[in-house]
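Got two chains here, separate frames each, mind docking them using the hints?
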Amino acid sequence: MANLTRREFLAGAAVLGAGLTPSAAQASGGRSPAPERSGVLVDTTVCIGCRNCEYACKQAHGLATPPQEAYEDRSVFARMRRPDDTALTVVNRYENPRKPGLPVTVKVQCMHCAQPACVSACIVGALTKAENGAVVWDTDKCIGCRYCMIACPFQIPAFEYHKALQPRIMKCDFCFERRKAGRIPACVEICPMEVMTFGPREELVRIAKDRVRRFPERYVSHVFGEFEVGGTDWLYLSGVDFAALQFPRLGRSPAPGVSESIQHGIFAYFIPPVSLYALLGAVMWIAKHSPESGEEA
Amino acid sequence: MDRFMRPTPLPRRFLTPGVGVLILLALNGLVFLAGRLLFGIGAVTNLSNQYPWGIWIGIDVAAGVALAAGGFTTAALGHVMHREQYHAVVRPALLTALLGYTFVALGVCIDIGRPYYIWHPLVMWNGTSALFEVGICVVIYIHVLYIEFLPVAVERFLGRVALPGPLARLNPLAERLLAALDRGLARTMFVFIIAGVVLSTLHQSSLGTLMVIAGPKMHPLWQTPILPLLFLLSAVSVGFPMVILESLLAARSFGLKPEMSVLAGLGRMTAPLLGVYLAFKIGDMFVRETFVHLATFNTASVMFMVEVLFGVVIPLRMFMSRAVLKSPALLLTASALVVAGVAVNRVDNFLIAYTPPYSLRPYHPAFGEVCVTVGFISLLVLLYRAAVLLFPVISLPDRTLSPKAKYTVHG
Ligand code: SF4
Ligand code: SF4
Ligand code: SF4
Chain A
1 MANLTRREFL AGAAVLGAGL TPSAAQASGG RSPAPERSGV LVDTTVCIGC
51 RNCEYACKQA HGLATPPQEA YEDRSVFARM RRPDDTALTV VNRYENPRKP
101 GLPVTVKVQC MHCAQPACVS ACIVGALTKA ENGAVVWDTD KCIGCRYCMI
151 ACPFQIPAFE YHKALQPRIM KCDFCFERRK AGRIPACVEI CPMEVMTFGP
201 REELVRIAKD RVRRFPERYV SHVFGEFEVG GTDWLYLSGV DFAALQFPRL
251 GRSPAPGVSE SIQHGIFAYF IPPVSLYALL GAVMWIAKHS PESGEEA
Chain B
1 MDRFMRPTPL PRRFLTPGVG VLILLALNGL VFLAGRLLFG IGAVTNLSNQ
51 YPWGIWIGID VAAGVALAAG GFTTAALGHV MHREQYHAVV RPALLTALLG
101 YTFVALGVCI DIGRPYYIWH PLVMWNGTSA LFEVGICVVI YIHVLYIEFL
151 PVAVERFLGR VALPGPLARL NPLAERLLAA LDRGLARTMF VFIIAGVVLS
201 TLHQSSLGTL MVIAGPKMHP LWQTPILPLL FLLSAVSVGF PMVILESLLA
251 ARSFGLKPEM SVLAGLGRMT APLLGVYLAF KIGDMFVRET FVHLATFNTA
301 SVMFMVEVLF GVVIPLRMFM SRAVLKSPAL LLTASALVVA GVAVNRVDNF
351 LIAYTPPYSL RPYHPAFGEV CVTVGFISLL VLLYRAAVLL FPVISLPDRT
401 LSPKAKYTVH G
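Here the protein sequences line up with chains A and B, keeping their order.
FYI, my numbering numbers position 269 of the first sequence as 269, with every residue one higher than the one before it.
FYI, my numbering numbers position 192 of the second sequence as 192, with every residue one higher than the one before it.
Chain B with its partners taken away, still in its complex shape (with noise of 0.2 Å):
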């Protein structure tokens, strides 16, 4: 651990202006969550038998695990690699990560017409089905990265047990089972970390493979057989531009310094994993010949456009200038192009190139669906502004806090 900075609970309050905003964004997803499990998908939702699966797939579901891919990608490099300098930005991601796949796993059970059977697939195996794959991998994983997370709880109270009233009597017995966790944690952790690592390749991989079996109903442009490795490496290039993001978003509403050194390193390792992506990408069109379709002017081929030029191949370029690894703003700006590229290939793969043969109306997202899912995405906004003011995932220089701090939030 690096000696000047360590991570500390934030010694911040919790409502702000921005706050509240998301609180009421919150509060109005859950009304609408609650039509939902009242009156049924159909009540909130404008899915329908040729469009079964809408936002709350394509977003909550497939954009969030995308999304969280900082999680295994910064594990990878800090954990398994070793490298000392990233250890900071280890335990933000591994908390997006955590709060993300706690939500991709509430988009699930609100999203499946029988939530209350959500536990099935624990039981009820298919093999052949790239659903099943994803969800127990998901699953899995979702416990690996509690189990993850547990040694920044331990250590947030470890020797500061002090349990009100009559309970007081029971610190020294609880100080003693945080002791004993802690040392147990210690010596097993890695079998998580690389469980951790290998779990997420297998389930982001298998995303890709879902759409598969769609078949000619989805567009050329994104039906190929290497969509799981095309998911791999897009999640792989996803990981470190959310972190940056995060990590800088979390500095400005916080008030910090941002750790620029470990960003920019961050950001340089980006490009070649980009770069990757972006040969597979163009290459499997150069062999399939979807090109063509490039050729008509329609939502696919502008939305194919949008991804790769914006999605990748500017941010590439942006990420292999010093100028921009060394600027805050240009480096939050090229990691958002990343971060909003892969959400819009998520949605892209599940939504826009889903073209079912016999439409008989077009799926458009209703308001309350958005509204669920904004509200969704507040409140993990607002798990995440709590839990780094109580546990010590953000990492503060060890001298004293500059006392003239000023914080604004940021969505």
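The shape of chain A in the complex, shown without the other chains (with noise of 0.2 Å):
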């Protein structure tokens, strides 16, 4: 200790904190998502409730599903229901203000953020945001901590807590595995209303504002998920105030946005770290620095 010098300390400051914290490349989070990528506009001014996305959302995922008939049971609208591990996608009914006695059902599933707050959670990356804009969980990877559920605006990753192997996240998929056999997603493939659209996002808010702008009575003038979190991937079209069909009310700021920040001021490139590493060095070094101070830890 008495014969070290404050260049090695440095040195060992350096060595030390690159090796302590994560790289300052992958701390920069928000990489800009591929702009022909692929969204659902839902127009809920059309959807009747008849629960067939959830009913085909079950078959296309494995998932035990009764019997089609049983979805016809509208007595399940009595109390709102939210996708879980058994379901990855739920519709529930709401009064209507404008029109009583005319309720308007809305399903609600993954929102396929464009900047997803899941995403950058993640402890392990588990989950990614795919090219084609689905934001998919890699089974492999996750650890099961569930700080994705923490993190989404939209409340929706769902856990497996019964199970004591391998419990998994549960959430829309956006019909990942079939869309890779060329298909579209199983609930816009069902739905007899045509409730939903799919397509490449930027045509989506296209035709959205366009039905807005044609038919002002029918909608409000709102396109839902178009700023929210810095824009989903899912649309949202709906005839009545959204905070009345329990939407989140939620700013255009991506979710992650603030929280990256703060990581990448700590750690910017490790210069915090490192230079609080050196000064604590140095006011060790300076404390200690009587020639006859033998050194004890």
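Hints are computed from structural coordinates only; laboratory data are not their basis.
The structure displayed is predicted, hence computed values, not measured ones.
Only true hints are included.
With the Cβ distance kept under 10 Å, some of the chain A side facing chain B (calculated, not the full set):
#1 A126
#2 C152
#3 I169
#4 E260
#5 S261
#6 Q263
#7 L276
For every residue, glycine included, the Cβ atom is placed at its ideal position computed from N, Cα and C.
Here's what the structure looks like:
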């Protein structure tokens, strides 16, 4: 200790700092999503609440599926339901404040955010945003920490709490496997009312705005998902205020924005931690710098 | 090192009635733990898709990390700033931190769905994740803590190696190894001590970044971009009170005389640290104008007031008083308030403040969840007791011990 020079200190600090902190290159999140990625436009004014999408989704994902007739049971609308580990999408019913007696039914699933909070949060990068717009989950990576559930502004990812081994994070995967085979999402395909339009997101935004312009008495002039949390790839049109349909009120900035810039600030190319290390080293050296002082750690 | 005080393994027997109770609580926790491992998290907890994190994260992990802050604050004081007079508390604080973090790691292991994948973050890096940052720092810091504790273990056995039976032939070799380790450690320890302080600063603050991403799901009284700073400041200010509390409890439990001069010194330094924390906490509240939420009477506003009033304001005032610094009972009270305050703050941040927009049923910890947490804490106290009986951690006057030592156990 006595013959330690300041340079040795700094060198040691740099080595340690580099080894200890995540790569700065990785710390810069928010890579912009592919512009030609797909999305789905959901027009809630057309939905009749038949819940065929629920059925098709389960079938497509090999989940336990009751017979199709069971979905005619409308008593499920009595209470609000959420997507969970047994259903990646659910339909809820809401009173229509503009036309009482004509309730609105809304399908809920992952919104496939352009800059997803779940992807930013996941400790091991098990969630990724694919080129085609789908936010998918990788069972070979996930440790089951459920931080993605904390992060998601739409409260979508669900967890298999009753499995001791390999519990999964369950959420709509935009029918990733089907689409690899060139097919459209199961829910979109089955819908008898063509509530959902599948296509390039940019085109969907155009279509949505066009509908709002042409039928101002039918729609509120708001395309939900165009800007919310930096834009989502699933978009919604509605005839009533989105708040009445329990859509969350969200700002335009991407959900991971704040936390990522904090992260980035704390780590900015290791400079803060390494400086702190060097500073502490200097303090230690000065505090101890009496020639006789034997080192005793 | 102080000439009159020297860390010594405590000459006490391990078993007492209190220890017996702790053993029972620990075993009970283990039973429920087995349930979790065999039948899944859902079998023992009340966690749901709306409330993915419960008391295992809020208490075992978040509060645990905060309360282990005594380790790095005293290391900074004793080793980095080289305040010799505080060396007596460095080892107990180091031991607490070591045990504390070990249990944080255990807590994480049982809370994640796939404990056997716990090593994944070491190779699958996601630099945008605050959780990754916390995880990787904690993993490295645990290793640093064990390295920092090595000299204590070496000191215990150096010159005293006596392997039984045929192994006795290895004694000289073991001695030589220990001696080499002793020399090597003495020369390189500064690297680890500074690393420990840096790592603590990083992950204590990143722990605060964790909930920022929850956005509007978090109550505005707690949701603020300066959460990392608040977490760091509160961790720094809970470090010394935690050491004081632990030292006074250990003194009482082992029938020793508390080192009041050292503890009063720590108490005096706590006041300004708490002051800075309070200033930022209140300042933030005014900048974001969140005080409006205090006007509504609900769990959130009450918990916020409890946290700030009993956890910060009252102990701050107490630590500023000479009478408090002189009295073991009052010092204990003030420290306990800060410790409880920070624990409540972590629970507030991770549980109370978290209000999902679509809640199907509220979250209350299940009986099994509580049992596991209580079991872990009991196990920790038991290990602490075993460690101070085995290793030179607690400083004793260098004369023979007072023979009339009478002791009771405090949880
Ligand atoms: S809605 Fe939630 S789960 Fe889906 S991409 Fe966005 S953040 Fe991820
Ligand atoms: S639960 Fe799995 S997918 Fe979700 S954040 Fe944790 S590791 Fe990632
Ligand atoms: S896109 Fe596929 S996974 Fe998503 S809700 Fe529709 S059917 Fe289910």
